[in-house]
Amino acid sequence: MDAFTTHTGTAAPLRRSAVDTDQIIPAEYLKRITRTGFEDGLFVAWRTNEPDFVLNQPQYADATVLVAGPDFGTGSSREHACWALLDGGFRVVISSRFADIFKNNSTKSGLLTVVLPQADVEALWQAVEADPATPVTVDLQSRTVTYGDTTVPFEVDEYTRWRLLEGLDDVGLTERHLADVEAFEAQRPSWLPRALPALPA
Amino acid sequence: MPKTLAEKVYDAHVVRSAAGEPDLLYIDLHLVHEVTSPQAFDGLRAAGRRVRRPELTMATEDHNVPTLDVLKPIADPVSRAQVEALRHNAAEFGIRLAPMGDRDQGIVHVIGPQLGLTQPGTTIVCGDSHTSTHGAFGALAFGIGTSEVEHVLATQTLPQYRPKQMAVTVEGELPEGVSSKDVILAVIARIGTNGAAGHVIEYRGSAIEALSMEARMTICNMSIEAGARAGVIAPDETTFAYLQGRPHAPQGTDWDAAVEYWRTLRTDEGAVFDSEVVLDAAELAPFVTWGTNPGQGLPLTERVPDPAELADDNERRAAEQALAYMGLTPGTPLREIEVDTVFLGSCTNGRIEDLRTAAELLRGKRIDPDTRMLVVPGSIGVKLQAEAEGLDRVFTEAGAEWRGAGCSMCLGMNPDQLKPGERSASTSNRNFQGRQGKGGRTHLVSPSVAAATALTGRLTAPADLAETAGV
Ligand code: SF4
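Residue numbers (UniProt numbering), protein chains in the order written: chain A, 1 to 201; chain B, 1 to 471.
Rather than coming from a laboratory, the hints here were simulated on the basis of the structure.
There is no bait here: all hints are sound.
Listed below are the simulated DSBU-like cross-link pairs for lysine-lysine, each with C-alpha atoms no more than 30 Å apart in a straight line:
(1) B:K419 to A:K31
(2) B:K438 to B:K72
(3) B:K438 to B:K419
(4) B:K8 to B:K164
(5) B:K3 to B:K164
(6) A:K31 to B:K72
(7) B:K419 to B:K72
(8) A:K31 to B:K438
(9) B:K419 to B:K365
Chain A on its own, in the form it takes in the complex (with noise of 0.2 Å):
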């Protein structure tokens, strides 16, 4: 995963709430079995069938921070929606909420997602319909995003900080703790599920 420090770009204005995870990537796209490669699914049938759609305007075609309505990310586990958008050049999303898997994924894949108020997320979505070219710098070592002469706080917990900032990956750091999984292994009780080997109906 690459490290996520500080970030400048433009902003996409997405003036839309509950976007799940199918629009952001749809299921056709999901058969690849690479990592990459995703952005010609990116929200491919808004892109197609709406003209008007943020991301079809010139302006905004070059934008890398995304700038969503309320609980974006809903739907399927799918981490191709973060893969997607990151193909796609953004390296930030922004919203006052987000879905848990998809803010997990985002996490595991160096997207980084920000939350803010709606307030703030209005006055941002104001900021660069105004002048489509406004340099937005969202820096995780301050915890701030910052557009004109508007600087906001956000929060993420510490420990997926320092995580993002060293762009860590979980199983190296897990592997930290082998001697524990051992000992919990060790006092489960023996009538726990196994797959294996497959019984007779």
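Assemble chain B with the ligand onto chain A, guided by the hints.
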């Protein structure tokens, strides 16, 4: 300190906990399917890791599988490659796989309970958001992303933060013709499509206790549609009776030891929930969604809502966008909405009881000639059982199509899809834009509403049929 059921299961699986870090949770059962796993196995290979506990891992093919010509190779080369990748990975890493044609194959959330692998008090994960289904047994079961799939394969654990606790209490008796699907659609309409974010929902109360295991699974399945991390129901005699004798359920003295432990899995008197929702079962009615997220639902007797009447900006905009996509006019009675396709199936409502309920309504009748009905059992096990009971003939004699097992039109990764503009009544769990095929329009319903709708060609409750027949 008194604990909730979910807290008990969580605490019993904490391998390690340290201040300022997520807890490390042990995972008892890891379910795997072809869509969200290939990149995880690639990650293992690249790092030279193995699967830590292959015997706690079970794989199946479900999302891509065709429901026709199931014994031939998959025609779509991309789907075929994905299924073949799973076969290859299962063989390389020593994991049990139920492939197409195997008697244990089916939707991952249908086969876990069916095989008795899903058990009370366990932690279960899968790279699939509807893993919440297994919570019906009092398991802590939740969906994860592909990076986490890799983590569980490699370590059999997962870093987790303690979830908040929500109680959804449903007291009283459900009216005739009202099912657990209607209960959960009513809950989601009440709290919204991400209203339970950060929470585990425990469903409780006399109406929940009276439900069969399959009806409980329908409720827990859609917990994710309310944004919950998981849904749980306390195990009881109904749970134990369902599990006893299943292939992977404990046997003999193990069974006794297990049941003794399972009986402790109840929320303690005085345990605190962070939030609570209470519903009166007697007031519930058959529900249907009118919009493009599962929270946009109403009783079938209502009309398409008018966005202009919504005070909240975001909600109004969402309703306008939904109605434009759905091609609906505010004020239209929901019962006048005509459908092209009825889909009976999915991990929400593709179990034997769902098929029986629908078959009872269709027995000896013909579906509307302009309506197509697909019946897709959730697993080979369900299919064989239904055929043994003659349900397949009830469906085909009524004019419905009897298909092979899998996810099918729930998400249309196989050829079963809506065409642009087509409208369905579907027993699945998601009415998102394009979910069942590009441009397709989905109304979520229960199996009995699905069957009644197939008979008339427009959204219909079983009670409406009786009215028409009685004239
Ligand atoms: S039936 Fe639908 S919701 Fe269930 S696992 Fe398959 S695709 Fe997902």
